[in-house]
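Colleague: Chain order of the listed sequences is V and C. My numbering applies: residue 1 is where the first sequence begins, and numbers increase by one. My numbering applies: residue 1001 is where the second sequence begins, and numbers increase by one.
These aren't lab readings, by the way, just hints derived from the structure by calculation. Idealized CB from N, CA, C, for every residue including glycine. A few of these clues could be false.
[To be verified] Distance ranges between label pairs, derived from CB positions:
| no. | chain 1 | residue 1 | chain 2 | residue 2 | range |
| --- | --- | --- | --- | --- | --- |
| 1 | V | G63 | C | T1313 | 58 to 66 angstroms |
| 2 | C | T1313 | V | I317 | 37 to 45 angstroms |
| 3 | V | A166 | C | L1149 | 54 to 62 angstroms |
| 4 | C | I1315 | V | E116 | 43 to 51 angstroms |
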Amino acid sequence: MADIRVEGLRKEFKDVVALDDVTFAFADSQVTCLLGPSGCGKTTLMRIIAGLERPTGGEVYFGDQRVTHLPPRKRNIGMVFQYPVVYRGISVAENIELPLKSEKLSKQERAQRVEEVVHLLGLGASVDKDITQLDNGTRQKVAVARAVARQPRIILFDEPITNVDAEAKLQLKRAFKELTRRLEQTIVYVTHDQTEAMTLADQIALMNEGRIAQCDAPRALYNRPADRFGGWFLGNPGMDFFDAELGPGDGTGRGGATLASPLFGAPLRVGGLPPGAGRTVTVGIRPEHVRVAPAAGADGRGPLAVEGELLRKSISIGRQYLLGLRVGDRTFKAKVAPAVGEALPASGPVLVELPLNRVALFGTDGRRLDATLTPAGAGLPVAAGTA
Amino acid sequence: MAQLETQLDGVGSAPAGLPPAETLAPPRLRGGLRALDDSRFFPIFLLTPILIFFLVWNVIPLLWLLGLSFYRYKLTSSRAEKYVGFENFRDIYESSALWGTLGRTLTFMVTTVGLATVLGVGLGLLFWGSTRMPGRRLALTMLFTPMVLPPIAVGTFYRLIYDPTFGVANYYADRIFGRTFDFLGDKDLAFPAVIAVDVWMWTPFMILMTLAALGSVPKAELEAAEVDRLPWSKRLRYIVLPHGKFILMLGILLRTIDAFKTTDLVYLMTNGGPGKQTETVGLNLYRTGFEAFQMGDASSLAVVTLLIAVAFTSIYLYVLNFRESRAQAQTGAGA
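For reference, chain C alone in the conformation it holds in the complex:
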C-alpha cells in the first residue's frame, strides 16, 4: 500500500521508528520535588491524604466502637462506665427478641434484593431491547426518581398512600375488594407493605446495573448470535451472562449490604410496628443507641451487624474471585 512507503524508506537508513532520545526523558522538576519524584516513598506520599482521612474517620471510630462494646455505658445515667467483658454480647445472644429482629432483617434483605433483582433484570432487558422506542430516554430518567428521592420523603409518601382512611391505596382496595386494609397497622400486612416500598425504591437501581452489565457485552458477539440464529435463552446463557455477571453481582452485593441496614424507611413508615413485626436490626440499633442511650449495648450490636455485613461481602467476593481465578488458571494452562 502506498502509505507504507515512508516506513520502507526508513529500513535502510536511520532507525526512523524511534523518537529522538531527548523526547523520551520525563519532564524536569526542580530541587526537592525532583528528589521526591525519584524516591521510593513517592507512592506513600501520594497515599498520605486518603490514609489520614481513612484513619480519622474509619479506623479510630471503629476501634472506639469495639472498645465501647465491652462496657456498660448509659448516657442518661450518672454511673461511670463499667468494663463487663463479653456480657453485652451474651445479652444479644440470649435475647430472643433480637434473634427475631435479625431473622426478620434477613428475610427483608433476601426478599427485597431478590424481587428488585428479578424485576430490575427483567425491565432492564426490556429497556435494552427497546432502543427505538420513542420517549425511551424520558422513561429512563423518570424511572430513577424513586432512587434519588430521600428515604424520608418516600417513607412519608407511603405512610399517606397506605393510610387506612384517606390513603389512595385503600381507595383502590375498596373499589376492587370492597373493603379497606390497615396496611401498616395489620400484623400480616405491614411487613409485605414495607418490602413493596423498598422494592419500588430500588428496582431502578437494579435496572441501571442491568443496563450497565448489558452494555459491557461486546456488540459483535450479539451480532454473531443473531447471524448464527441462536434462540434468546442461549444468547443470554452464552453471551450476556458471561460478560455481564460481574457488574450484576456488584449491584446485588451493594443492595444486600444496604438492605441489611435499612432503618430510615421502616422508622418512618411503621417505626418497627405493629409490635415488632417490622423491626429491623438497624432500627433496633437506632433505638438502643439514640432512644435508650445504652451505648454499650448499641456498640456490641453494631459490632455484630458489622461482622454480618463483612461476612456477606466476603462470600460475594469469594464467589466472584473464585470464578475469575479459575478462568485465569485455565487460560494460563492453555498458553
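Just chain V, same shape as in the assembly:
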C-alpha cells in the first residue's frame, strides 16, 4: 500500500483556479474524506490523483514514486464514480471479473477474488443477473466490487452515493463503512455530505476555494474548526456568528482584553490572544451548544445567562427542536433536546446562555484565535471551545 502526497498542486480551468497550491499527504491505509461545498476543488484534486486530469503545476507521489505524468492505467488505482459505471451486456460476476482478466491471474484466483468481494458487499443474490436488471444502488455496489477486486494500492471514491435514492444511500453507507474497515488500502473519499464524511472517515480534509482549510479527525474538526468556514460548513445548521469589539485590558495587569456583549450576562476577560490580533473578533457557537430555558424557571440561572426572545420553534431531525432566537438586536439559531424544546413556549421571552467552553473566537481573517475566555473577575480561565 502507499500514502499519497501532493505538493504545490495547482489547477486552472480557463479563468477559474480550481486548486490553489495544495500540499497535503493522505495517510497510508487510512480513509481520508475530502469534504467541501460544490466547486471547492475536491473532485478536481481527486481526478488529479487518479490521473484523469493533468495539474497546471505541482507533483503527485504514491509512496516514493512520482506519478504526476503517468496515465490512470499505470497508477494501479481503483476508482468509483459518482455515476454508477457498469459494463453492458454481461452479468454482475462478469463485470467484476472483467478488469481481472487483464491482470495475469489464474482462473481460480479470479474466481476467488470475485467471490470475496461479492460476499463483502452482499451482492450474492445478484451475481448472475444481467447488469441492466439492477437499480442504481446495486450498480454502484458492482462498481465498488470491481474496483476492490483488483486490489489496487489506492481506492478513490468520487461522491459514490450522490446518484442513488435515499433508501439505497443508507444501505450503501453501511456497506462502505464495513468495507473500508476491512480494507488496508489508502482510501480517498470525496463528498459534500458531512454526515457521510463523519461516518466513514478516519480523517477529514475540509476544502474551501481550492485549498485544504483543515484536516483532522471528524470529531476534532467538528469541535475545533480552524476557521469560520469550518464552523459554518459543518453542523446542521452551522455555527452562529456574532461580531464583537474587544475592549482594553481590565486593569488587573494580566494583559489580554475584555469582551462585553449583550450575549453574555457579564463582561469577559480574553486571555492568550496572539500578538497582532485585531480589536474586532467574531464569536462563534454551534446551535446545539446554546442553552435555552423558559424565562419563568429562573432557578439554576447561570451567571452568563441573558434574557432573550424565542421567535419560532420547529421540530427537526431526531425530534430535536430548532429555535430562532433574538437577544438584543441579534438573531440566531439554537438546537435543543426534545425535553428542553417541549418545555419552551411557542414564542416569547426565554433565558439564553452561551457556555464559554463552547464558544470559539475568530479573527478578522476568519482564522480561529487561540484565546481563553473567563468571566471578568473570576478565577481560572476557560480555553475557548476546548470541549
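Knowing the structure of chain V, use the given hints to seat chain C on it.
Modeller: Structure of chain C alone, referenced to chain V:
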C-alpha cells in the same frame, strides 16, 4: 449544512416547499383560443398543417403513382392510356436486364455502404482520439467538403480525373504502372471506379455519425475503463458499442436507402455504361420515365423500388427495436 437551515425552518410552520396556488395556474387565454386550448382537438389542431403538407406532397402522389403503374401510358404517344393490370409488373419480373440492374444496384449499395462504414468508423475513432492534434477542427471541416458538394459537381470532377488521356488519375497510373487505364470506359473498371467515388463522397458522413455515436458515450464510463485498465478491444465492446450503436445504425440505414437510389453520380460519370455495366435502378427509372417517357413502366418500377426501400427500413427498425425492447423487458423483470 448551513444551507439547510431555511428548509428546516419550514418544517414546523407553513408548507414552504409549495409555491402559492395562483402561480400554478396556466397562463390565461381569451375567448375562443381558450376553448380550443381546453378541447381535446387541440393536438389535432396543432398537427393539421403538417398533415395537409404530407397529404398533398406525399400521400396523393404516391397513390397516383400506384394507379399509373397499372396503366400503359406513354407521354409521346397519342394513344389513350390503357388499363393493363399487373402487366407492367410482369414485364419487370420477366426482364433479365432489369434483374441485372437490380443485382448491380444491390452490389453497389452493399459495397459502398460497407466501405464507407468501415472507413468512417475507423477514421472517426482516430479523430475522436486526437483531441489534442493541432488543426483538428480545420481537418474536420475540410473532410466534409465531399458531402456538401452537389453530386453533379462531383460527377463532373471525377469524369475529368478519370479521363483516359488528360485525367490526373492516369498521370499517376502511368508513373506507377507504366500504362494508362480507361477507368470509366473499361467494363471491369467502371463499376469499381464509380464505387470509389461514392465511398469518397460519403465516408465523411459516416465519420460524422461515428463521432456523434462516440459523443453519446458517457465520459465516466470511459474513465472507469481507463482506471480499470481495460484493453481497447474491451472498451469498444462493453462501453462504446452498447452506447453508440443506435446512432451508427441510423447512419447506416440512411446511407443504405440513399445508396439504393443513386442516380445523378452514375448518370454524370458513365451514364450507366459501358453497356449496362454501371446502370443502377435509379438510372433505369430515370431513363424509362424521362428519356423514353413510358410512364406506366416507370411507375411500376418506382413502386417496386419503393417496396424494396421499405423492406430495408423495416429490417433495420426491427433489429433496432428488437434489441431495445429486449433490453427493456429485462429491466422491467428486474424492477
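Colleague: Now, for every hint given, state plainly whether the structure supports it.
Modeller: Comparing the hints with the structure gives:
Judged by the Cβ atoms, the range 58 to 66 angstroms given for G63 (chain V) and T1313 (chain C) holds: they are separated by roughly 59 angstroms. Restraint check, T1313 (chain C) to I317 (chain V): a C-beta distance of roughly 58 angstroms breaks the suggested window 37 to 45 angstroms. Under the hint 54 to 62 angstroms, the C-beta atoms of A166 (chain V) and L1149 (chain C), about 57 angstroms apart, fit the expected range. Take I1315 (chain C) and E116 (chain V): their Cβ atoms lie about 46 angstroms apart, and the range 43 to 51 angstroms holds.
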